[in-house]
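Taken in order, these protein sequences are the chains called F and Y.
Under this note's numbering, think of the first position of the first sequence as 61, with each following residue one higher.
Under this note's numbering, think of the first position of the second sequence as 6, with each following residue one higher.
Keep in mind that the hints were calculated from the coordinates and are not lab data.
Check before you lean on any hint, since a few could be wrong.
The calculated DSS-like cross-link candidates involving lysine-lysine, where the alpha carbons are at most 25 Å apart (straight line), are [said to hold, decoys possible]:
1. F/K204 with F/K180
2. Y/K232 with Y/K302
3. F/K191 with Y/K96
4. F/K204 with Y/K75
5. Y/K232 with F/K191
6. Y/K275 with F/K191
Which chain Y residues face chain F? A few, computed with CB under 10 Å, are given here [unchecked claim]:
7. C95
8. C107
9. K113
10. W189
11. K216
12. Y254
For each residue, glycine too, the CB sits at the ideal point set by N, CA and C.
Listed here are the chains, written in short residue letters.
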Amino acid sequence: MNPRILFNPKDHPNLNSGYGIIARYLLPYLGDRYGRENVIIYAPIFQRDHVGEWDGMKVISGNTFDFGENLILQHYKNYECNLLLQVGDTWPLGILPDLAYSDQILWVQWAPVDWLGMPKNIVNRIRAAHKLVPFSKYGENSLKRGGLPNVGPTIWLGLNLDIWKPLPRKDFPVLMNSLGYSYDSFNVLMVAANQERKRIRQELEALGIFRKLSPNVDLRIYLHSPLVGERDLRADLDELELNDITTFPDPYIMTQGGFPEEHMAKVFNCADIVLNVAMEGFGLCQTQAQACGVPVVVLSEGAGPELTVFGWEIPATGVETSAAQMAQPMPDPISIARCLEEAWKLKQERGELRSQAAVDFIRGNFGWDKIAQQWFRVIDECMIDYQRYCLQIPLPSEDLYRRANNLLEVT
Amino acid sequence: MKVVWGQDMDFITHGGGAQLSDRAHFLKGVKRGHDLSILTPNSDITMEDLMRCEVLIASNPLFMNITSFKEIMGHNIPYIWFFHDYAPLCKYRLFYPMRDTCKLCYLKERWLPVFLKSRLIIWLSPLHRESWLYICPELEDIRYHLAPSPVNVELFSDLGLERKGAISVESLHPFKGREHVIKWANDHQEVDITFVSGNPLPEEPLPLNCKVMGAVPYRAMNELYNKHEMFLHLPQSPSPFDRCVVEAYLAGCKVIGNELIGALSYSWFKSRRDVSIECSSSSTFFWEAVEDAMGIKS
Chain F
61 MNPRILFNPK DHPNLNSGYG IIARYLLPYL GDRYGRENVI IYAPIFQRDH VGEWDGMKVI
121 SGNTFDFGEN LILQHYKNYE CNLLLQVGDT WPLGILPDLA YSDQILWVQW APVDWLGMPK
181 NIVNRIRAAH KLVPFSKYGE NSLKRGGLPN VGPTIWLGLN LDIWKPLPRK DFPVLMNSLG
241 YSYDSFNVLM VAANQERKRI RQELEALGIF RKLSPNVDLR IYLHSPLVGE RDLRADLDEL
301 ELNDITTFPD PYIMTQGGFP EEHMAKVFNC ADIVLNVAME GFGLCQTQAQ ACGVPVVVLS
361 EGAGPELTVF GWEIPATGVE TSAAQMAQPM PDPISIARCL EEAWKLKQER GELRSQAAVD
421 FIRGNFGWDK IAQQWFRVID ECMIDYQRYC LQIPLPSEDL YRRANNLLEV T
Chain Y
6 MKVVWGQDMD FITHGGGAQL SDRAHFLKGV KRGHDLSILT PNSDITMEDL MRCEVLIASN
66 PLFMNITSFK EIMGHNIPYI WFFHDYAPLC KYRLFYPMRD TCKLCYLKER WLPVFLKSRL
126 IIWLSPLHRE SWLYICPELE DIRYHLAPSP VNVELFSDLG LERKGAISVE SLHPFKGREH
186 VIKWANDHQE VDITFVSGNP LPEEPLPLNC KVMGAVPYRA MNELYNKHEM FLHLPQSPSP
246 FDRCVVEAYL AGCKVIGNEL IGALSYSWFK SRRDVSIECS SSSTFFWEAV EDAMGIKS
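In isolation and in its complexed conformation, chain F is listed as follows (with noise of 0.2 Å):
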């Protein structure tokens, strides 16, 4: 049985975000498998009145800035869709479980899982669908552990290994200058939407601590965030004395769907290391990291630690419980400037931070075209579940038809 597919990332994969890179590199396979024809594109956000094509993939429109769930029901009618497969959060849906318990569509969804534990509230709602696939091994021990028995097999994110790959920061003289970089200085990378996830604020903690200390140190940031988002940045580097080192990305550039790949590996490259210590469902930024031999720093809970092969682990001192009772552990920043501080001396050491064996372990698991195999088989079980579970009321059998017209008169 093919599946025909309601691919539903949150954003369009012309989007330069992680959602929009996801949808970007697995539909083509998804298209060259099961045909172009049988992959239906709903990517809400970001193209609201957009409908057109992609790839060959029609692309549908939704009319909210959420994942769009009050159109996925009519949408999978409309296009004869036997599967809904969506890429993101699975904490703010409320109308799809409903749709998936009454057996209304079959729902697999690839998510994060960057919480502590399993509250009720998210394991009610994710208990419907049909197939849990986690980002991370971690997300799978804590879906399994919460009891859920539809936890799918891990796939991690891939990359474009053409693209993220290591490049010698030597021919990028201009970039390295509009990052704030110089080729002896430390340079520091860190990249967030999400601001408050991200624990800029503790990171940037860490980098005024490790300046205090190592004040003979040319430290070099550059935050690949905007200026205000959730929070305003400008005024914790003021706070934190960090101001007159710090640059920020072109906000305009920003505000037209993101610097291109090709751009932000190049970026990667510049720097000696990678921040991301955040609680992280999958966090795309250290695997880019990695795939440039650039090494990052990760908190030890979330998928951060499975992930890295060059970088240093940091222990959550606290957790923060947001409103939808998810529990997120927070990054310690002395605990990180104590990292940064080892860096340094290993930069010192080894003329430059780069590790060979974190680009084979990039190369060797990451390749899109090993993530779209680990799909095809969830996409094919799906499939044969999909008969098992009878989820459309089947046609009779052939025999039953030949049966049906075989006309017995009893007088």
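Once you've looked at the hints, dock chain Y against the given chain F.
This is chain Y only, laid out in the frame that chain F set:
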């Protein structure tokens, strides 16, 4: 014998086809001296009560889920399955598609171990059993009994009225063979056909020789059958029995059916006399089979 009879609706007060059969069998059981009680979702029978019974007759009790049955099995309570359709094996119950993929059904995986421990399985016809065995050949060796629907044969007889055309009951539902009866109507435009119990798809036009009437009280059906020469019934999926075929036949109608009618799969469905005997003694044979399975001398 202390028997608990599990069913979704109280068949003493509800009047569908399955309830008519259950009522007849139940009352026959009482007459034979058994101590029967009814277990429905609204009754207050507890697991302790069940543990005191000698046998549970599971008469399509959809309210009893797999967990209930695992508990029943855990307490070694003997049970007999009395299937009225294809539940709980097929979630669509009456619209059982009998496809190869049905053999992969998750419900089979879930329920087969329960069926295999049944002391006896009662199906409504040879066709009914054959259709179950298509998915669950593992049940081939389980003790079984075929129980035609018990029909009150005194209510259905040839009244000698003038007959014309054909009558068909509830057959305009797609799953009950709408496509086939309409094709038959088109192929036999000389025959006027009365469809009883309405047309669920009124926007789809019917052939001109078709007339639709609403539901008719059960007690008025004999006279209605008697006004028609033929009874037309062409189901789309294997019907377990179809008591209306028996009733129309006993009322003097010629039956135009197909290979998917359970009642017609009995070898004795050739004469009104035999049909009358078999259907009127169904409850007696039902209890003889139950008593035999439970090691009780009739």
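Verification of the supplied hints:
no.	hint	result
1	F/K204 with F/K180	holds (14 Å)
2	Y/K232 with Y/K302	violated (46 Å)
3	F/K191 with Y/K96	holds (21 Å)
4	F/K204 with Y/K75	holds (24 Å)
5	Y/K232 with F/K191	violated (57 Å)
6	Y/K275 with F/K191	violated (53 Å)
7	C95	holds (8 Å)
8	C107	holds (8 Å)
9	K113	holds (9 Å)
10	W189	holds (8 Å)
11	K216	violated (22 Å)
12	Y254	holds (7 Å)
The structure shown violates the earlier hints numbered 2, 5, 6, 11.
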